[in-house]
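Asks: Each chain, written out:
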Amino acid sequence: MSAVTSTPKAAAAPQSPAPASRRRKRRLDGANWPLTALVAVLSMTILIPLYFTVVTALKSPDQLGGTGFELPTSVHLENFSTAWTLTNFPNALLISSIVTVAAVVLTIATNSMVAYAIARNMHRPFFKGLYYFFIAALFVPFPIIMLPVTKETALLGLDNPVGLFLLYAVYGLSFNVFVYTAFIKSIPGELEEAAIMDGASVWTTFRKVIFPLLTPMNATVGILTCLWAWNDFLLPLVILSNPDTRTLPLVQYVFQSQFNTDYATAFASYLMALAPLLLVYLFAQRWVISGVMRGSIK
Amino acid sequence: MASPTLSKTAPLRATASRRSHRTKVNRTFYWMVLPALVLFVVLHTVPTVTGMFFSLTNYAGYGEWSFVGLENYINLFQDDRVLSSYGFTFLFAVTTTIVVNVLSLFVAVLLNSKIKFQTAFRGIFFIPNVLSVLIVGYVFNYLLSNNLPLIGQALGIDWLSTSILANPDLAWLGIVGVTSWQSIAFSVIIYLAGLQTVPGELYEAASIDGASPWRQFRSITFPMISGFFTINMVLALKGFLQAFDQIVALTGGGPGTSTESVAMVIYRGGFQGGEYGYQMANSVVYLVVIVVLSLLQMRTLQRKEADF
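Here the protein sequences line up with chains X and D, keeping their order. Numbered according to the working numbering, the first sequence spans residues 1 to 298. Numbered according to the working numbering, the second sequence spans residues 1 to 308.
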């Protein structure tokens with residue numbers, strides 16, 4: 001359809017002063033190849049270390065000499081099976097997955113609700129105070145409170161994966177309330193007024209009207225929480241008391257201190273720990289990046 | 001609260017019913033925040049306050065303790081290990097913040113220009129952000145101690161021919177490099193978000209006026225995204241001041257204690273050294289430093305921002 005309609009225009013164009021404008025248009029539409037080449041070279045700084053990790057994980061210990069960037073002469077997949085059993089990979093993967101999924105779900109469900117209550121009542125001193133109370137905590141990084149938090153979680157019986165994901169949801173409040181409130185303020189109040197007129201309670205209004213509208217922000221918060229909970233090291237290091245509940249990064253730490261000379265197995269173990277999130281990212285790349293961007297604009 | 005204004009406009013009966021409706025609404029809103037508030041106070045505020053309290057004691061983390069007043073604070077300022085950890089942390093955080101922001105702004109402008117495979121490249125540059133800091137540290141630890149020296153030897157560069165992580169003068173640069181490699185990913189995305197808010201017409205107008213690309217960047221791009229610059233600078237500095245994971249993985253604080261960060265000293269002293277009270281005093285000082293630096297940074301940067 002569009003091809004048919006556009007042909008006469010294109011045919012008519014070259015008659016009058018078109019050449020100049022056409023040339024300019026081509027320059028605007030076409031890609032800048034020298035810049036593309038520069039970006040390609042720069043992206044090597046990201047890809048080469050990743051390549052290095054993969055090939056190292058596939059080598060036998062006696063192939064590790066040299067510059068380290070050579071392809072393996074023979075592929076040693078047994079590195080992965082050794083690492084699998086030595087680190088009890090399935091267990092760590094399960095713990096990390098549970099903690100991450102629970103942290104994401106709990107964070108989205110609770111933080112959006114808190115932000116909604118705050119955003120719609122900012123004119124009341126209590127809620128305004130609460131807003132600034134949460135924001136102020138952004139200035140208190142975790143290392144500062146880690147000693148007392150560790151004592152307290154042990155005392156409350158929270159020195160386990162349950163305590164861990166609870167802490168992610170609670171510590172995330174500061175930042176998440178900030179981004180959610182900014183977003184909720186941009187949602188016109190009429191929608192809720194209409195729902196209330198129809199007899200819906202505040203609770204139902206939030207669940208049925210507001211929460212669905214928050215989907216883009218929920219995605220942003222979910223992505224950031226997921227990256228944080230999956231990769232975090234310090235919080236599980238100080239909180240978790242039972243060695244059987246170690247998360248993936250924690251397992252690498254312990255493994256590194258126990259078998260620090262077996263590099264091929266270590267790299268296989270690193271790769272297995274990095275792989276799950278890396279795979280998710282490869283498939284959801286566009287979505288992840290736009291989610292993170294949205295968070296920074298709000 | 002809003003009832004005085006309401007009573008002027010609405011009939012009395014309506015006011016009464018609406019007021020009761022309002023209080024009911026309020027209660028739900030309170031229930032929405034209350035559980036979160038309680039948990040936050042228990043898990044964040046209480047530790048902060050008890051930590052401050054114990055900074056005035058000689059508590060070892062177990063057993064008896066007594067008040068020592070400001071003794072911990074006085075000792076902090078005479079403790080070489082603590083002072084040098086602050087020195088290292090500042091040097092590392094400031095250098096990395098500058099390196100990361102300059103490079104990521106550069107990469108973001110490149111990625112935002114008319115290049116081929118824009119989405120794919122954007123995807124590649126974000127990869128480091130989905131990787132664990134600790135594991136990236138381990139990988140680079142191996143690269144920097146085994147492979148880089150070989151390259152240095154081959155090229156005959158003296159300072160590169162041994163592991164820079166084992167060199168007390170250069171180890172911090174290795175940490176700066178690896179941290180930058182990873183942190184650029186996130187900053188690039190924030191700058192890209194900023195660059196997309198700049199209207200394209202501005203550049204068209206500027207190129208008609210014959211402004212060079214550098215001039216366009218200085219006079220259009222940078223002022224337009226200065227808000228994003230502030231966010232990135234503040235987030236980066238605050239994040240790097242807390243450095244822990246990458247140092248554990250790269251140097252373990254060594255050689256000696258030359259790359260021990262403040263967070264690391266708190267961790268080691270507090271958990272392994274029986275210095276609970278003392279390290280809480282350190283934490284309080286560290287908190288004050290972070291708050292003061294962040295506020296100063298925000299004020300100076302915001303003053304430079306074009307009406308954002």
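Be aware that a few hints might be false.
Unchecked claim - To give a feel for the contact side, a few chain X residues facing chain D, derived at Cβ under 8 Å:
{"#": "1", "residue": "Tyr51"}
{"#": "2", "residue": "Phe52"}
{"#": "3", "residue": "Asn91"}
{"#": "4", "residue": "Val149"}
{"#": "5", "residue": "Gly199"}
{"#": "6", "residue": "Phe233"}
Stated by the list, open to error - Below 30 Å or equal to it, Euclidean Cα-Cα: the simulated DSSO-like pairs (lysine-lysine) are:
{"#": "7", "chain 1": "X", "residue 1": "Lys208", "chain 2": "X", "residue 2": "Lys185"}
{"#": "8", "chain 1": "X", "residue 1": "Lys208", "chain 2": "X", "residue 2": "Lys151"}
{"#": "9", "chain 1": "X", "residue 1": "Lys208", "chain 2": "X", "residue 2": "Lys128"}
{"#": "10", "chain 1": "D", "residue 1": "Lys116", "chain 2": "X", "residue 2": "Lys151"}
{"#": "11", "chain 1": "D", "residue 1": "Lys116", "chain 2": "X", "residue 2": "Lys185"}
{"#": "12", "chain 1": "X", "residue 1": "Lys128", "chain 2": "D", "residue 2": "Lys114"}
To be verified - Output of the computed footprint for chain X on chain D, the stretches with three or more beta carbons under 8 Å from beta carbons of chain X:
{"#": "13", "region": "81-94"}
{"#": "14", "region": "206-220"}
{"#": "15", "region": "250-258"}
{"#": "16", "region": "263-275"}
No lab work stands behind these hints: they were computed from the structure. All C-beta atoms in this analysis are idealised placements derived from N, C-alpha and C, irrespective of residue type, glycine included.
Asks: It remains to establish, for every hint, whether it holds in the given structure.
Replies: Quick rundown of the hints versus the structure:
1. For Tyr51(X), the shortest C-beta to C-beta distance to chain D is roughly 11 Å, which exceeds 8 Å, and the interface hint is violated.
2. Contact between Phe52(X) and chain D, as hinted, is supported at the beta carbon level, the nearest pair being about 6 Å apart and thus within 8 Å.
3. Against a cut-off of 8 Å between C-beta atoms, the interface hint on Asn91(X) is violated, since the closest Cβ of chain D lies about 17 Å away.
4. A cut of 8 Å between beta carbons decides the hint on Val149(X): the least distance to chain D is about 5 Å, and the hint holds.
5. Because the beta carbon of Gly199(X) sits about 11 Å from the nearest beta carbon in chain D, more than 8 Å, this interface hint is broken.
6. The criterion of a C-beta within 8 Å of any C-beta in chain D is met by Phe233(X), whose closest approach is roughly 5 Å, and the hint holds.
7. In summary, the hint linking Lys208(X) to Lys185(X) is supported, as the alpha carbons are separated by about 17 Å, within the 30 Å threshold.
8. For the suggested pair Lys208(X) and Lys151(X), the alpha carbons sit about 40 Å apart, so the restraint of at most 30 Å is broken.
9. Our distance criterion of 30 Å between C-alpha atoms is met by Lys208(X) and Lys128(X), whose separation comes to about 25 Å.
10. Proposed proximity of Lys116(D) and Lys151(X) is contradicted: the alpha carbons are some 54 Å apart, above 30 Å.
11. With a C-alpha separation of about 38 Å, the suggested pairing of Lys116(D) with Lys185(X) is violated against the 30 Å cut-off.
12. Restraint check: the Cα-Cα separation between Lys128(X) and Lys114(D) comes to about 45 Å, which exceeds 30 Å; the hinted pair is violated.
13. Residues of the region 81-94 of chain D with a Cβ under 8 Å from some Cβ of chain X number 0, which does not satisfy the need for three, so the listed coverage is violated.
14. For the region 206-220 of chain D, the stated coverage by chain X is violated: 0 residues have a C-beta nearer than 8 Å to a C-beta of that chain, whereas at least 3 were required.
15. Interface restraint, the region 250-258 of chain D with chain X: violated (0 residues with C-beta to C-beta distance below 8 Å; minimum three).
16. For a cut-off of 8 Å, the count of residues in the region 263-275 of chain D with a CB near a CB of chain X stands at 5, and the three-residue condition holds.
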